[in-house]
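Enquirer: Below are the chains, spelled out letter by letter.
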Amino acid sequence: MLIVDGRKWIKCHNLPSTFHPPISKGVIMSNEIWVFVEQQEGKVRKVTFELLSAGAEFSKKIGSPLAAILLGSGLQEVVKSLSPFADKIYLVDDPSLASYTSEAYSINMAPLIKEHPPVVLLGAATSTGRDLFPRLAMHLQTGYAPDCTGLAIEENGKLIAKRPLYGGKVFAEMVFSEARPQMATVRNNTFLINQNLNKSAQVIPISLQRDPSSFKKKVLGLEKAAGTKLDITEADIVVAAGRGIKAPENFKILEELADALNASVGTTRATVDEGWRDQKDQIGKSGKNISAKLYMAFGISGAIHHVLGIGTCKTVVAVDTDPNALIFNYADYGIVGDLFKIVPALTEELKKVFAADK
Amino acid sequence: MAAVAVGGDSDLLEVEMEIYVLVKQVPDPEAIIKVKSDSELEIENKYFTNFFDEIAVEAGLKMREKFGGKVTVLTVDNKKVDALRRGIAMGADDAIQITDPTLEGSDQFAIAKALAAYLKDKPFDLILTGRQAMDDDAGIVGPAVAELLGIPYVNMIIGLEMDDPKKELKVIREVEAGKEILSCTLPALFTCQKGLNNPRIPQVMNVMKAMKAQIKKLDLAAIGLSAAETGRQAAKMKVQKYLPPPKRPPVRMIKEDFPENVKILVKLLREESKVI
Numbered sequence: 000m001l002i003v004d005g006r007k008w009i010k011c012h013n014l015p016s017t018f019h020p021p022i023s024k025g026v027i028m029s030n031e032i033w034v035f036v037e038q039q040e041g042k043v044r045k046v047t048f049e050l051l052s053a054g055a056e057f058s059k060k061i062g063s064p065l066a067a068i069l070l071g072s073g074l075q076e077v078v079k080s081l082s083p084f085a086d087k088i089y090l091v092d093d094p095s096l097a098s099y100t101s102e103a104y105s106i107n108m109a110p111l112i113k114e115h116p117p118v119v120l121l122g123a124a125t126s127t128g129r130d131l132f133p134r135l136a137m138h139l140q141t142g143y144a145p146d147c148t149g150l151a152i153e154e155n156g157k158l159i160a161k162r163p164l165y166g167g168k169v170f171a172e173m174v175f176s177e178a179r180p181q182m183a184t185v186r187n188n189t190f191l192i193n194q195n196l197n198k199s200a201q202v203i204p205i206s207l208q209r210d211p212s213s214f215k216k217k218v219l220g221l222e223k224a225a226g227t228k229l230d231i232t233e234a235d236i237v238v239a240a241g242r243g244i245k246a247p248e249n250f251k252i253l254e255e256l257a258d259a260l261n262a263s264v265g266t267t268r269a270t271v272d273e274g275w276r277d278q279k280d281q282i283g284k285s286g287k288n289i290s291a292k293l294y295m296a297f298g299i300s301g302a303i304h305h306v307l308g309i310g311t312c313k314t315v316v317a318v319d320t321d322p323n324a325l326i327f328n329y330a331d332y333g334i335v336g337d338l339f340k341i342v343p344a345l346t347e348e349l350k351k352v353f354a355a356d357k
Numbered sequence: 000m001a002a003v004a005v006g007g008d009s010d011l012l013e014v015e016m017e018i019y020v021l022v023k024q025v026p027d028p029e030a031i032i033k034v035k036s037d038s039e040l041e042i043e044n045k046y047f048t049n050f051f052d053e054i055a056v057e058a059g060l061k062m063r064e065k066f067g068g069k070v071t072v073l074t075v076d077n078k079k080v081d082a083l084r085r086g087i088a089m090g091a092d093d094a095i096q097i098t099d100p101t102l103e104g105s106d107q108f109a110i111a112k113a114l115a116a117y118l119k120d121k122p123f124d125l126i127l128t129g130r131q132a133m134d135d136d137a138g139i140v141g142p143a144v145a146e147l148l149g150i151p152y153v154n155m156i157i158g159l160e161m162d163d164p165k166k167e168l169k170v171i172r173e174v175e176a177g178k179e180i181l182s183c184t185l186p187a188l189f190t191c192q193k194g195l196n197n198p199r200i201p202q203v204m205n206v207m208k209a210m211k212a213q214i215k216k217l218d219l220a221a222i223g224l225s226a227a228e229t230g231r232q233a234a235k236m237k238v239q240k241y242l243p244p245p246k247r248p249p250v251r252m253i254k255e256d257f258p259e260n261v262k263i264l265v266k267l268l269r270e271e272s273k274v275i
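Quick note, the sequences are listed as chains A and B, same order. Counting from 0, one number per residue, gives the positions in the first sequence under numbering that gives the first Met the number 0. Counting from 0, one number per residue, gives the positions in the second sequence under numbering that gives the first Met the number 0.
It is worth saying that the hints were derived from the structure and are not from the lab. We treat Cβ as the ideally placed atom computed from N, Cα and C, and that holds for glycine. Any given hint could turn out to be false.
[Stated by the list, open to error] One-sided excerpt, in silico: chain A residues whose CB lies under 10 Å from chain B: (1) Ser95; (2) Tyr99; (3) Gly336.
[What the hints assert, rightly or not] Calculated cross-link-like contacts (lysine-lysine; reagent style DSS-like; alpha-carbon spacing at most 27 Å): (4) A/Lys228 to B/Lys266; (5) B/Lys61 to B/Lys215; (6) A/Lys217 to B/Lys61; (7) A/Lys245 to B/Lys35; (8) A/Lys245 to A/Lys45; (9) B/Lys69 to B/Lys45; (10) A/Lys287 to B/Lys237; (11) A/Lys350 to B/Lys165; (12) A/Lys340 to B/Lys262; (13) B/Lys240 to A/Lys340; (14) B/Lys78 to B/Lys35; (15) A/Lys60 to B/Lys240; (16) A/Lys217 to B/Lys165; (17) B/Lys215 to A/Lys59.
Could you put the whole structure together from the sequences, leaning on the hints where they help?
Expert: Here it is in structure tokens:
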């Protein structure tokens, strides 16, 4: 019990000491590898499959099962799509978990983890993963490496987590103390999905550990972003323009290129500060870090704020009128040219070659 | 929260909020940072107040302007207090530095323990901080403090609507699919990010005053935290090796004329890098 200014309120998170969750003994084993599943409206996020694919490698190496931990409501379809990717699925399916909150999810995961600590617990470095994992790690008194861009495991189960520091100016290989699980959140597109795992998961339903319905914090709703495009952190391909695009309405040509490539559209701090684009599409230090397979920058000079956000993209293309633009130092392919000519021509060329593929 | 009835009319209730903002001084985004050895970095001596923390200070000041009360800026650092001075210059009422030799080498969880140890018996209503510090970019301390204090938190907020601090308030946070709208009651902790507000630039006079402002220093004994909970030996994580960022091969400039260059680019993306 915490007393604040004369008001008494029960710690919303810590379980009462007398509370023992009914977990059937022998079902959850210690030293497994767990992946926290992110899903939305019955669809598993791509990054979860990436993590399960990496987890399968780790599980082979250290010889322990790979389990997906799945919380939510009405999850039959989700279970079906996960089944080929895991040995076990721990399923906490309850209407009170329909909306994610860190409080509801951590209080329902913590007892399971405490009873039989997995050796590794992986999650995605998303708005959910980076919300849940630090709270859970503090509760469990264990180590947590956020926003990793690489993971390796030794045969003795020791995880090595590679992560950027200072916005990506340097990287660090982090190792964990003896506390378990070793927790990490990982960026999108860090691992490839292995479609040939051919597992068939044993589904283990677990009852709600604690009903979060009385919690004060509640999700009221989601105001969905306009359009159907993936968030820039999730997209395989991101095309972006900076101030060089001259006016907000000119983003239309970039949207058309994005449609041809099934890409998402990013931007720089300058255009966000001008009010041309939404903050959620800003790449860079005060915006988002992206790990796209292909990133194309048009009319972007290459300020350090921006290029720090694209350091882990696989292939980078830069187009700018200034042959001395810094962005070329961070690109694989460069064209000195006018984006107003290049972008529409590129869209047409891509449409042509993609049509020829069919 | 102290409620002060104004003019005997119960509708006009002035609420005094206790607001704490967790701040940190970090290398400027322009600072050169290099790997010196496996275990050491070379950091250019160019620091600024973590940008996201300034947004948190601004949010705190706005709440104070609306409801009255006090904004205290708080840092855990043995050397750098400029973030506290920035907070004062922006308009914070009080500044507190938690400093102790045994904190050296602490991880984010130990920093959170120090902050929570200080805050636990304070009459806080609202705790604010940045979504992450622009040095370790971890985003652990805010959520960990909330966990230790047993209060709800909302991460990465871009909107905060509060009409009455004693009732439910509305916060908006950015998620991949759009904007998530949540309700919550105080006390709570929010981590702030760009889009929430534009931090004010302090006036020169206030900057001068902040230079001379008194900063309260507290050590571990003063906040009631054991040295065993902090420092290198308590850390849950350690750096095994620093690495330079992965280097890209030198750029290949496509020098052919338009529109040939576009055709070549598409060919390279398909046949060489195989990304489309």
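Enquirer: Any of the earlier hints contradicted here, and which numbers?
Expert: 1, 7, 8, 9, 11, 13, 17
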